[in-house]
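Counted from 1, the sequence shown has number 270 at position 270 by this note's numbering; the numbering is strictly sequential.
FYI, nobody ran anything at the bench for these hints, they're computed from the structure. Worth double-checking, as some hints may not be accurate.
Unchecked claim - With a straight-line cut-off of 25 Å between C-alpha atoms, the simulated SDA-like cross-links for lysine to any residue are:
1) K311 to R91
2) K576 to M635
3) K502 to E138
4) K313 to W103
5) K501 to A240
6) K125 to K641
7) K502 to R337
8) K262 to S243
9) K60 to R91
10) K491 to I50
11) K380 to W103
12) K491 to T237
13) K641 to R656
14) K186 to G323
15) K301 to E48
16) K62 to R242
17) K133 to N484
18) K188 to T563
Said to hold, decoys possible - Taking CB as the label site, the calculated pair distances span:
19) N653 to A677: 55 to 65 Å
20) D93 to K124: 33 to 43 Å
21) K188 to Q660: 28 to 38 Å
22) K157 to K313: 47 to 57 Å
23) I522 to N653: 24 to 34 Å
24) Q598 to V194: 20 to 30 Å
25) E95 to K188: 43 to 53 Å
Keep in mind it's a predicted model, so treat the numbers as computed, not measured. Idealized CB from N, CA, C, for every residue including glycine.
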Amino acid sequence: MNLRFQPPINGVVASIGSLFGLKNKDGETDNDARIIDVDDDGTTLFKEDIIQRVRDDLEKRKTERSVLERQWTLNANFLVGNQYCEINPYRGDIEQLEPVYDWLERETFNQIAPLIETRIANLKKINYMMRVKPATNELDDYAKAETSTSVLQHTQKVSDFESKKNTMIAWNELCGNCFWLSWWDKDKGEKYAVEQLFEVDENGVQRNKETAYYQGDLDYGLITPYEIYPESIFKQTVEAQRSIILEQVKTIDDIYDLYGIKVEGSNIETFELTPLASGGGFGYENTVVTLGHRTVDNAEKVITYFERPSKHKPNGQMIIIVGDDNLVYYGDLPYSRIPIVQSVCIEVAGQFFGKSAIERMIPIQRAYNGCVNRIHEYIKRVAIGEYITEEGSIDIEEYEQKGQAPGAMLVYKQGSAPPVPIPNGNLPAEIMQERYNLKTDMEYAAGVSQLMVYGSTPSGVTSGKALDTLTEIDNTRLSLTGDNIRNSVRKLAIMWLEIYKKYATTHRIVNYVGGNNIGKAIVWSNEDINSYDVDYVTENELLMSEDAQKQRFFEAYNLGLFTDKNGEIPPRVKQKALEYMKCGNYSDIMSIDQLQIQAAQRENVFFENGVIPEVSEFDEHEIHIEEHLRYVLQMDFQLLKNRKPEYAEALENHLRKHKQVIAMQEQQAMMAQMQMASGGGING
Numbered sequence: 001m002n003l004r005f006q007p008p009i010n011g012v013v014a015s016i017g018s019l020f021g022l023k024n025k026d027g028e029t030d031n032d033a034r035i036i037d038v039d040d041d042g043t044t045l046f047k048e049d050i051i052q053r054v055r056d057d058l059e060k061r062k063t064e065r066s067v068l069e070r071q072w073t074l075n076a077n078f079l080v081g082n083q084y085c086e087i088n089p090y091r092g093d094i095e096q097l098e099p100v101y102d103w104l105e106r107e108t109f110n111q112i113a114p115l116i117e118t119r120i121a122n123l124k125k126i127n128y129m130m131r132v133k134p135a136t137n138e139l140d141d142y143a144k145a146e147t148s149t150s151v152l153q154h155t156q157k158v159s160d161f162e163s164k165k166n167t168m169i170a171w172n173e174l175c176g177n178c179f180w181l182s183w184w185d186k187d188k189g190e191k192y193a194v195e196q197l198f199e200v201d202e203n204g205v206q207r208n209k210e211t212a213y214y215q216g217d218l219d220y221g222l223i224t225p226y227e228i229y230p231e232s233i234f235k236q237t238v239e240a241q242r243s244i245i246l247e248q249v250k251t252i253d254d255i256y257d258l259y260g261i262k263v264e265g266s267n268i269e270t271f272e273l274t275p276l277a278s279g280g281g282f283g284y285e286n287t288v289v290t291l292g293h294r295t296v297d298n299a300e301k302v303i304t305y306f307e308r309p310s311k312h313k314p315n316g317q318m319i320i321i322v323g324d325d326n327l328v329y330y331g332d333l334p335y336s337r338i339p340i341v342q343s344v345c346i347e348v349a350g351q352f353f354g355k356s357a358i359e360r361m362i363p364i365q366r367a368y369n370g371c372v373n374r375i376h377e378y379i380k381r382v383a384i385g386e387y388i389t390e391e392g393s394i395d396i397e398e399y400e401q402k403g404q405a406p407g408a409m410l411v412y413k414q415g416s417a418p419p420v421p422i423p424n425g426n427l428p429a430e431i432m433q434e435r436y437n438l439k440t441d442m443e444y445a446a447g448v449s450q451l452m453v454y455g456s457t458p459s460g461v462t463s464g465k466a467l468d469t470l471t472e473i474d475n476t477r478l479s480l481t482g483d484n485i486r487n488s489v490r491k492l493a494i495m496w497l498e499i500y501k502k503y504a505t506t507h508r509i510v511n512y513v514g515g516n517n518i519g520k521a522i523v524w525s526n527e528d529i530n531s532y533d534v535d536y537v538t539e540n541e542l543l544m545s546e547d548a549q550k551q552r553f554f555e556a557y558n559l560g561l562f563t564d565k566n567g568e569i570p571p572r573v574k575q576k577a578l579e580y581m582k583c584g585n586y587s588d589i590m591s592i593d594q595l596q597i598q599a600a601q602r603e604n605v606f607f608e609n610g611v612i613p614e615v616s617e618f619d620e621h622e623i624h625i626e627e628h629l630r631y632v633l634q635m636d637f638q639l640l641k642n643r644k645p646e647y648a649e650a651l652e653n654h655l656r657k658h659k660q661v662i663a664m665q666e667q668q669a670m671m672a673q674m675q676m677a678s679g680g681g682i683n684g
C-alpha cells in the first residue's frame, strides 16, 4: 500500500538535508565520506554503515517472522478458495497438493468465505465515533475537551476514515493483524504563503518558480502485516517494542513526490491474487484464485526504521532508506513515540502478532471438503454404475471412454460370463450427519452461529428466550474482536491528539454540521488540546445491538415508563419511537409539538453562535421554556457562559420573556374568569 509518509521539516531534517550535497577532495559528491553519527561504543558511523546495520537487522527479523507470514498466505488461499494447498516445511512455500488418484473428486466447498463475510459485516456495525473527556472539572478543560472532540470527529469525517476502517477490518480478519500509521504532512492544510523564486536552467533561461507554504495537517494510512517487522515477535504490544521496521514497495514517482529524490527503478515482486488451474477430479480442471507474487515495474523498496525514546536516545530515532544506497532521513523520531497502532483479531498471549479465525477453520474446512466430495463420488457411482467382469470379456478401453449411456447395450465376448453390476449399499446416515457436524463446528470456530449466518434457528431451538440467549452468545464472542478494534481506534485517536498537540501551532478552523443541521465553526490550535482521555460515544453495539436497544425501548414504552406526571407520553418520546420504527421521512408526519421542540432546539444553537432570535407569538411557550431550561441546566451552557457571557445572558433573557408571556396569559385568563364570575353574580 502506498502511503504518503513525510517527516515534518524541522531543524533535524534541515541538517540532514546537507548530507546530500557534500563534496569530496576531488570536488565530487561523496556522501559516504561524511561521518554521520557515533554509536554507543564510540565507533564512527558513515552512511554505508547505517544502511548496512538497518538491512542486517531487517533480514534477521524477516527470518524470525517467516513462519507467521506463511500462515497468513495460507489463510488468504483458503479464503479465496484455493484449499488443496499446504505449507512446505522444507522450502517454506505454499505448494499445491497432488491428488492421490486421478479419479478422486477434489472440488472446493468454501465455507470460510461466507463466515468471514458475516464476521466483517457484523464488525462494521460498530460505531467508532470518539469523544475526549476533560482533564479536570474546570470549565476551561470542559471547553478544551469539547474542542478536541470536534477535531477528532472532523478528522474522521474528512479523511475517509470509514473506508480505511473497513479495509482494516478485512486485513484484520485475513491475517489477524493490521496497523495504522500516522504522521504530520507539511504540505496539507490551508495555504498561508506563496514565494516567487527565479532560477536559471542549463540553457541560461530564467524561469519563474513558485513555492507554496501550508499549515500542515495530520495524515494517516494502513500498514499490512506483510510490511511490518517488530524487534521481537514475542513482545506483545507496539509499546513494548524498542524498534519497528517498515519495508514497502513504492513507485519511483511516489518516491520523488515524497522525498524529492530520483532513483533508478527496478522490477520488484510483491503479493497479489492470481488465478490457478487445479485438478477437480474425474479428469476435470477447475480454476481457483491463489495468493501469489506479481512484479511491480519502476519501483523501489523503502525502509523506515523507528526507535522509541530511551536513555541512550531520549528523542528516539528514525531512519529512511530508499533503494540500495539513498539515506533520505537520519535523525530524531519526530514524535513522542513510534506512530504505529496495532489492531488485532484474536490476541495471542506473549506474541506480537495476533491470530485470524481462518487459522482455526482450515483443518475443519479440509475435512468438510473431503466429506462432501466422498458423498458426490457415491452419487456418481450410483448414477454411472460399476461392473465386475472377466478379463477380456468386454472392450475395457471403449467402456472407459464412452461409459454406459442410457439405453446403450454393454457387449461382452461370446462364451464368457456377462458383466455383473456391483451393488451399492445405502449411504450411511452417519456420513450426512458428519457433514452437518463439520459445518456447525466451522461456525463455532468462526465465532458465529446459524442464526447470524443464515437467519435460521438451529434444530431444537424454539423458544424466544433461547433465541435471545443464542444471539447474546454470538455477539459476546464476536465482541472480543470488536473490542480489540475499538481499542486500536481509541489509541489511534490518542496518537492524533499527540501529533496535533506538537505540530498544530497555528490557529486553524474546523467547519462542521452541528445539531439540527446548523453549520458551526471552531477556531483552535494545539493550546486547546490538554487531555488524551478518549472514549467512545456509544458502547460496543455487539454487546447491545440496535435491535436489542429497540426491543427494550418498546418494552418500556408499552409499560408506560415514559409517561409524564399527567399520564401522557411526551412528544420527544413519540419522536424516538418513530425513529426506531423507521417510518421513512417521519418529519412529514410530525405533530406541531414535535416541530415546536425542534424550533426551540435550533434557537439554542443560534444563541451559541451569537444569533439572538425573538420570542414569536406563534411559539408554544411551555415547550420552548422546557427545551431552553433543559439546555441551561447542561454543561454546554456553562461553557457558553464562561466563553461568551453575553450570549448566555441573551438566552437567559429570552427564557425570561417566554415565562413573562406565560405569566401574562395566566393573569389575563384569571382576570377574564373573575369578570365572568362578577358579571354572573349581578345578573343573578
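Hints the structure fails to honour: 1, 4, 6, 8, 10, 18, 19, 21, 22 and 24
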